[in-house]
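S.K.: Protein chains in written order, with numbering that gives the first Met the number 0: chain A, 0 to 180; chain B, 0 to 586.
No lab work stands behind these hints: they were computed from the structure.
We put the CB at the ideal spot given by N, CA and C, even for glycine.
It cannot be assumed that every hint is accurate.
A short, non-exhaustive set of chain A residues, derived as facing chain B with CB atoms under 7 Å [as the list claims (entries may be wrong)]:
#, residue
1, T7
2, D8
3, N9
4, I13
5, L67
6, Q69
7, P71
8, A73
9, K74
10, T76
11, G77
12, F81
Covered by chain A, per the in silico footprint, the following chain B stretches (three or more residues, Cβ under 8 Å) [unchecked claim]:
#, segment
13, 112-118
14, 178-188
15, 269-282
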Amino acid sequence: MNHQTSTTDNWEAIRAACLDVLPAHIIAFIEQNQDMEHSEGQLIAVLHMVQAHFGFLGQDTMHAVAQLAQIPLAKVTGVATFYHYFRLQPRGKHMINVCLGTACYVKGAEKVAQRLMDELGIHFGETTRDGLFSLDSTRCLGTCGLAPVVMVDNQVFGPLTPTDVSVLLAKYVKKEKVAAE
Amino acid sequence: MMTKQTINLTIDGTPLQVPAGTTVMKAAERLGIHLPRLCYHPNLSLEGACRVCVVQVKGFNHFMTACSQEVWEGMAVQTNSPEIRQARRDIVELLLDNHPQDCQTCDRDGNCELQRLAYQLGVRERLFEGKKKEFPTDESSKSVIRNPSKCILCGRCVRVCAEVQGVGNLSQHGRGFNTVVGPANLCNMDESVCIQCGQCVAVCPTAAFLEQDHTERVWKALAAEKKHVVVQVAPAIRATLGEMFGLPVGTPVTGKLVTALRRLGFDEVFDTNFGADLTIMEEATEFLSRVSKGENLPLLTSCSPGWVSFLEKFYPEMIRFTSTCKSPMQMTSALIKSYYAEKKGLDPKDICVVAIMPCVAKKFEAGRPEHTMANGDPYTDAVLTTRELGWMIKSYGIDFNVLPEGEFDRPMGISSGAADIFGATGGVMEAALRTAAVKLTGEELGPLEFAEVRGVTGIKEATIKINGMEINIAVSNGLNNAKKLLESIKSGEKNYHLVEIMACPGGCIMGGGQPYPPVYQDPMDPEISRARAKALYGIDAQKQLRRSHENPAIAHLYAEFLGEPNGEKAHQLLHTTYQARSPRGIR
């Protein structure tokens with residue numbers, strides 16, 4: 000009588016699936032590190048490459064990094080959630096940065112930020128469902144004379160009231176609609 | 000440059016000499032001063048995060064953490080001063096400020112390290128008031144409850160999971176006030192790479208990790224008139240339950256344990272030892288058959304459900320080497336609901352099997368579909384940890400220490416000393432060797448005690464000569480050690496015949512469900528491990544029956560019910576299968 004299941008080594012299948020997820024240069028970088036002592040020390044470098052390539056760190060890419068670099072996934076997601084720099088969601092088409100520097104802050108940046116969150120239905124570090132906007136906060140942009148300011152992509156807007164924010168967002172949405180038609 | 004081997008320093012004015020490299024905390028322990036600690040654990044890497052061990056050093060304005068600061072020549076340490084006491088109190092008050100104020104309704108009430116520390120440091124009023132963290136409790140796992148609202152971020156669980164168990168399931172996520180400990184992506188524990196060993200529960204100073212509570216279903220079964228409630232007790236319990244009632248670590252309490260279970264109202268009190276003897280019969284037969292064919296060696300043991308989960312998630316290619324034997328608990332349960340039910344004329348549906356286990360993973364094992372009867376019921380209905388049983392005895396109001404000695408019921412209460420030692424690392428190996436030696440030599444009296452496999456070392460190996468044959472064996476405890484062992488087998492560096500693997504460091508006596516350590520001792524303390532193991536070896540030495548195959552009840556069971564070891568009926572009831580499971584663990 001034999002109760003054993005035949006082949007149970009599923010590593011090749013797992014590895015193949017992971018190789019499918021990442022681009023060749025990242026795989027090459029991971030593999031080249033494997034022989035080094037403390038290769039896990041390259042985790043942040045690998046995550047930088049993944050974010051540069053995909054724009055964010057997705058669950059599938061982090062899983063692939065964990066398996067190919069043989070670093071526990073909890074460690075990978077722990078590092079990814081610790082650093083502000085790493086994004087866990089795809090970046091929206093337009094990047095909105097609210098300045099929370101001292102000048103903007105005393106001029107009411109918090110209210111501006113709150114209006115943005117309410118209108119977009121997202122928090123800092125998140126992206127709207129339609130993929131149009133990502134929201135984040137930033138330190139001083141050096142345009143304190145215009146405080147409070149918001150930066151959309153590479154353009155600075157200010158001074159803004161919460162009402163101005165709604166108007167500004169509507170403009171971008173309208174522009175997208177026209178482009179779509 | 001020559002480094003000085005011995006350092007002279009003073010602690011609270013008392014001069015002492017310690018080896019270079021000693022930390023202030025260790026040096027203070029030599030004077031009998033146990034500095035407060037939360038994140039520190041002697042078996043884990045240094046974290047230095049909690050700061051409650053701060054001390055004053057002459058010539059320095061800032062406090063130093065005793066756990067991480069090494070001594071130097073001429074150092075003058077002050078461990079207690081109004082300033083230090085105030086600093087420690089402030090730290091604990093700030094922890095408490097961000098902690099639920101529900102000690103009276105908390106599972107750790109009375110044995111929580113944070114609560115104890117607050118009392119010790121004299122926190123008598125709450126000066127700080129502020130925002131409290133609130134995270135959902137994760138009860139998805141069949142074994143471990145994760146309650147991050149109670150977490151103080153000491154990181155012991157993260158380190159034990161990675162450094163001792165080699166699992167790496169836990170990590171701190173996020174930063175600052177929002178930091179939370181959990182599995183990857185903060186997914187549910189039952190979707191994580193967790194192997195349910197429960198060492199996170201054992202090392203947690205608070206109630207951030209707890210076992211799934213089965214006491215309520217046991218109280219209900221005991222109260223139900225139609226239910227025939229049968230209990231079985233794992234080998235390791237008799238060496239540890241006494242600690243719950245203030246007895247010194249390593250006090251064997253077999254007789255009182257049996258009486259306590261009868262007082263609680265169990266209809267039949269059986270011994271998992273019986274299943275352990277049976278495991279040896281099945282496993283030894285399996286082993287000898289593989290040796291004679293020279294295939295699928297080494298045989299890996301399968302008693303530890305934490306190890307079995309680890310096997311399926313981390314080393315699925317080693318499944319073919321693993322014994323198909325169910326664990327002693329599952330063998331005993333299967334026989335209670337078949338052999339015993341038949342004998343008693345009971346419908347298995349009316350039987351409730353409760354297992355008292357040192358283990359948190361056993362709760363998961365009991366729920367595995369492989370251990371379900373044809374009618375869909377599990378063979379084991381509830382699993383209580385040593386802690387849960389201790390609480391039930393206290394809750395009932397039973398004065399454990401004055402109980403008379405009781406005896407297990409027959410036939411599944413008869414066992415050999417070989418079964419008792421299952422609870423310590425190396426015990427299964429020794430028990431298997433006792434029987435295998437007799438089977439191989441055909442002589443009635445083979446070697447009885449195998450000192451090579453005893454002790455708390457992480458990996459033990461030996462070559463045993465029996466009848467001119469050399470048997471290479473290895474024993475590991477703590478899954479990080481299992482990793483090393485498995486890698487050496489895979490690479491061909493080592494050629495073993497028989498390998499015992501236990502998930503927890505020290506074996507079942509140090510399982511995730513065992514009593515929390517006494518004040519001034521740490522969880523996983525090797526001294527506790529030694530004392531508990533000594534109790535089991537003591538019980539073994541005093542028994543008439545020392546070898547599993549000498550157990551007359553086992554012989555009777557085969558003759559009357561099972562047929563041959565590894566025979567068809569035995570396979571159906573006593574063996575199981577394993578499969579690769581995801582998520583795949585990182586080795």
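S.K.: Each hint needs a verdict: does it hold in this structure or not?
M.R.: Results of checking the hints against the structure:
1. T7: Where the cut-off is 7 Å and the nearest Cβ of chain B is about 4 Å from A/T7, the hint holds.
2. D8: Result: holds, 4 Å to nearest chain B Cβ.
3. N9: At about 5 Å, which falls below the 7 Å cut-off, the nearest Cβ of chain B leaves the hint on A/N9 intact, so it holds.
4. I13: 5 Å, holds
5. L67: With a closest approach of 10 Å, the A/L67 hint is violated.
6. Q69: 5 Å, holds
7. P71: Interface hint status for A/P71: holds (3 Å vs cutoff 7 Å).
8. A73: It holds, given that the least Cβ distance between A/A73 and chain B is near 4 Å, below 7 Å.
9. K74: Where the cut-off is 7 Å and the nearest Cβ of chain B is about 5 Å from A/K74, the hint holds.
10. T76: 5 Å, holds
11. G77: OK, holds: A/G77 within 7 Å of chain B, min 3 Å.
12. F81: It holds, given that the least Cβ distance between A/F81 and chain B is near 5 Å, below 7 Å.
13. 112-118: With 0 residues in contact (Cβ-Cβ under 8 Å with chain A), the coverage given for the segment 112-118 of chain B is violated.
14. 178-188: Holds, because 5 residues of the segment 178-188 of chain B bring their Cβ atoms closer than 8 Å to Cβ atoms of chain A.
15. 269-282: violated (count 0)
Going down the numbered hints, you'll see the structure goes against 5, 13 and 15, while the others check out.
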